Amino acid sequence: MAKVIVFSGDRLTEHIVELDRAVTLGYILNKVNISREEVGFAICRSKYICLDDLVNPEDEVRIFPPLGGG
Amino acid sequence: MAFGYNRRVLHVDLSAERIEVENVSDEFYRTYMGGSGLIGYYLLKMMKPGIDPLGPDNVLVFAPGALTGAPLGGMCRFAVGAKSPLTNAFGQSEAGGFWGPELKRAGFDGIVIRGKASKPVYLYINDGDVSIYDAGDLWGKKTGEVQDVIRDRHKDPAIRVAQIGPGGENLVRYACITNELKHFNGRNGLGAVMGSKNLKAIAVRGKKQIPIADHKLMSEISKKFGSTVMENPLTKGLYESGTAASVLGNNAAGILPTKNFRYGEFDKAEAISAKAMNEKILVAREGCYACPVRCKRAVKSDRYGVEPRFGGPEYETLASFGSLCLIDDIEVIAKANQMCNEYTLDTISTGMTIAFAMECFEANILTEDDTDGIELSFGNGEALLAMIEKIAKREGFGDVLAEGSKRASEIIGKGSEKFALTVKGQELPMHEPRGKYSLALAYAASERGADHMVAAHDTMVASKDQYGFREIMPLGILEPESPTVFSNLKVRTFAYLSMWWSFFNAAGICDFVPVPRSSMPIKDVVDAMCAFTGWQTSAFELMKVGERALVLARMFNAREGFDVKEDALPERLFSPLEKGPLSGNSLSEEEFKEALQIYYAMMNWNERGIPTRGKLSELGLDWIAEDYGQSYSI
Ligand code: SF4
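Protein chains in written order, with our numbering: chain A, 1 to 70; chain B, 1 to 634.
Just so you know, the hints here were simulated from the structure itself, not pulled from any lab data. The structure displayed is predicted, hence computed values, not measured ones. Virtual Cβ for every residue (Gly too), placed ideally from N, Cα, C. Some hints here could point you the wrong way.
Think about it this way: if two alpha-carbon atoms lie no more than 20 Å apart in a straight line, the pair counts; the simulated EDC-like pairs of lysine to aspartate or glutamate are [unchecked claim]: (1) Lys300/B x Glu270/B; (2) Lys464/B x Asp52/A; (3) Lys47/A x Glu589/B; (4) Lys593/B x Glu571/B; (5) Lys236/B x Asp13/B; (6) Lys579/B x Asp52/A; (7) Lys275/B x Glu60/A; (8) Lys31/A x Glu362/B; (9) Lys3/A x Glu38/A; (10) Lys414/B x Glu362/B.
The following residues of chain B were derived to be distant from chain A, with all beta-carbon distances above 10 Å [what the hints assert, rightly or not]: (11) Ile19; (12) Glu240; (13) Gly254; (14) Arg294; (15) Glu307; (16) Glu362; (17) Phe378; (18) Thr459; (19) Tyr467; (20) Arg517; (21) Phe540; (22) Phe592.
To give an idea of the chain B side of the interface with chain A (calculated C-beta under 8 Å), a few residues [unchecked claim]: (23) Ser241; (24) Gly249; (25) Lys275; (26) Gln466.
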């Protein structure tokens with residue numbers, strides 16, 4: 001069971017994704033119905049990860065839109 | 001006939017009370033393009049190295065850019081430049097609003113100010129006529145009243161006033177300049193330079209239309225941009241939440257500067273977020289000249305007498321008075337923001353300098369005996385407000401903090417130096433380089449000291465699929481890179497984006513309008529330049545303008561003795577973040593230094609960070625080597 005926290009429009013939404021094995025971040029995005037265009041970056045285990053990186057069943061992943069400065 | 005600009009630069013010698021107009025050629029204007037380019041040119045030409053930035057020999061330049069005043073979103077900016085009293089380096093800061101377009105409509109592409117008035121004065125520029133007025137009755141007054149008096153005196157409520165409040169008059173080293181009470185040339189202490197010249201304000205009124213070379217093309221670009229504003233998630237987000245949207249995003253990502261950059265996460269971030277602002281104090285969404293994005297806020301709080309005409313706190317302010325000082329009361333932050341706007345203090349440096357003092361207080365380096373009886377502990381909102389007042393008036397301990405955190409730490413001593421987080425003496429803005437490595441380069445290499453508006457941040461170019469990435473491919477940026485990597489690809493992306501963003505500062509474009517931060521494509525920016533000025537230009541020429549402006553600033557600094565040793569970061573960034581999703585992350589000093597050398601090499605600067613003779617020639621800047629070649633080595 002991976003916890004997926006999606007940040008968008010000044011809100012955090014939490015999803016739980018049932019997993020029995022490690023899957024890619026791209027797979028998780030499909031599961032929670034987020035288009036790749038909307039994703040700027042993602043963080044898992046204190047590290048930035050990309051679409052091909054693996055997410056384990058116990059991980060927490062945070063997904064963000066492109067965030068800029070200013 | 002020149003389209004888009006006037007070919008006229010105003011020169012004012014305040015000591016001699018002399019006003020002159022310089023007619024500049026098309027080639028000159030196209031080479032420097034206004035804004036930061038014009039500032040670099042005049043500072044190098046007219047100022048000797050080693051002068052006192054708060055003395056009469058400093059040169060103060062106000063410069064809109066080539067696109068300022070175009071009837072298109074984001075084309076509103078002007079830059080102010082001088083030798084900075086905060087950094088002793090090249091000083092430059094941009095503001096939006098309406099003042100820049102108004103100056104061009106009044107017939108000028110820039111104002112170059114020298115000397116010092118014998119008594120307080122203000123300039124009034126009215127459709128090409130320029131006069132110096134006595135400002136004795138305005139000196140000491142806060143910004144709201146000054147704007148009212150000037151508009152009443154000249155019987156014109158549409159006059160645009162750029163001015164300083166008491167913070168600038170009292171030479172606070174990070175005093176800013178405000179226009180319309182809510183837009184700011186925030187950084188580098190340029191308000192103190194105005195104060196040192198006894199110049200209270202520059203009031204401008206211009207009624208002429210700026211001629212446009214190709215109306216049809218301009219209107220097509222403008223319509224297209226307008227139609228994307230509510231469709232593109234980046235611009236839509238700016239409209240709905242303003243820059244404040246970054247509070248919760250950065251917090252969730254562990255890159256919200258908290259407790260003087262010790263943590264990357266603030267457990268009360270919700271209380272200082274866009275949501276809290278919208279629910280508690282927001283009264284209007286506002287914008288700048290001709291811009292449909294309307295990312296500015298106007299707020300109101302009866303508890304503290306906060307008035308909408310002073311705007312509302314931006315992300316930088318919410319973080320610098322909020323998470324950085326562990327303050328979770330949005331009304332206190334709105335009040336602190338208004339006080340800074342009335343006194344004209346840069347909210348970033350003010351928040352950072354107070355957070356520095358709070359950390360000293362926590363470490364018992366400072367006690368209430370030092371701070372005029374104020375309990376300057378993290379989280380104490382009333383202490384924050386009291387200290388802002390003291391800084392602006394240079395009263396008691398405020399006089400020490402008015403010097404900025406670096407100089408204050410040198411006065412205080414006792415190991416406080418490690419709590420002062422500055423580059424070249426300027427306080428870090430509210431972005432965490434331990435989570436965005438190109439920011440480490442931006443902060444260190446910026447000629448102006450720590451600055452977050454040098455280039456798009458790593459998180460904007462971290463994924464190939466994300467909004468905005470495809471649109472920057474025309475710059476030759478074809479691959480994304482993880483935010484927490486120093487690689488040659490990362491440095492190259494940073495170098496290209498910093499030239500592109502530097503071009504914005506020369507041309508007068510708001511960074512929140514073109515890609516990748518927003519939705520205006522590169523092609524439309526180039527076409528807008530063609531449509532406004534009639535030049536057949538290209539992204540290549542515009543990038544070179546950006547690079548030229550960077551090199552002018554770097555040569556100014558080289559003349560002042562700056563080199564690689566000043567392109568350095570505070571120690572704290574090489575230690576781990578203590579809290580948040582990225583806790584444990586730190587920068588590697590070795591990797592950072594290597595990336596900096598790669599950046600220099602890519603820019604054709606030598607190992608000390610000084611542009612080579614070849615680079616100067618390539619940019620048409622041989623005159624710098626000829627004028628100053630003997631006084632430093634290049
Ligand atoms: S995007 Fe925002 S800051 Fe930029 S010009 Fe438009 S309203 Fe002003």
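Now the hints, each set against the structure:
1. Lys300/B x Glu270/B: OK: lysine 300/B and glutamate 270/B at ~19 Å, within 20 Å.
2. Lys464/B x Asp52/A: holds (12 Å)
3. Lys47/A x Glu589/B: Given that 20 Å is the threshold and the Cα spacing comes to 19 Å, the pair holds.
4. Lys593/B x Glu571/B: It holds: about 13 Å lies between the C-alpha atoms, which stays within 20 Å.
5. Lys236/B x Asp13/B: Given pair lysine 236/B, aspartate 13/B is violated - Cα atoms ~45 Å apart, limit 20 Å.
6. Lys579/B x Asp52/A: Distance of about 27 Å is beyond 20 Å: violated.
7. Lys275/B x Glu60/A: violated (24 Å)
8. Lys31/A x Glu362/B: violated (47 Å)
9. Lys3/A x Glu38/A: holds (19 Å)
10. Lys414/B x Glu362/B: holds (13 Å)
11. Ile19: Nearest chain A Cβ is 36 Å from isoleucine 19/B, so the label holds.
12. Glu240: Violated: least Cβ distance 7 Å, not greater than 10 Å.
13. Gly254: Violated: least Cβ distance 7 Å, not greater than 10 Å.
14. Arg294: Given that every Cβ of chain A is farther than 10 Å from that of arginine 294/B, nearest at about 15 Å, it holds.
15. Glu307: holds (24 Å)
16. Glu362: holds (26 Å)
17. Phe378: holds (24 Å)
18. Thr459: Given a closest Cβ separation of 5 Å, the condition is violated.
19. Tyr467: With a cut-off of 10 Å, tyrosine 467/B comes too close to chain A, as the shortest Cβ separation is near 5 Å.
20. Arg517: violated (5 Å)
21. Phe540: holds (25 Å)
22. Phe592: Label holds. Min Cβ-Cβ 17 Å, cutoff 10 Å.
23. Ser241: Serine 241/B check passes; min Cβ-Cβ to chain A is 5 Å, inside 8 Å.
24. Gly249: Constraint on glycine 249/B satisfied, holds at 5 Å.
25. Lys275: It holds, given that the least Cβ distance between lysine 275/B and chain A is near 6 Å, below 8 Å.
26. Gln466: holds (5 Å)
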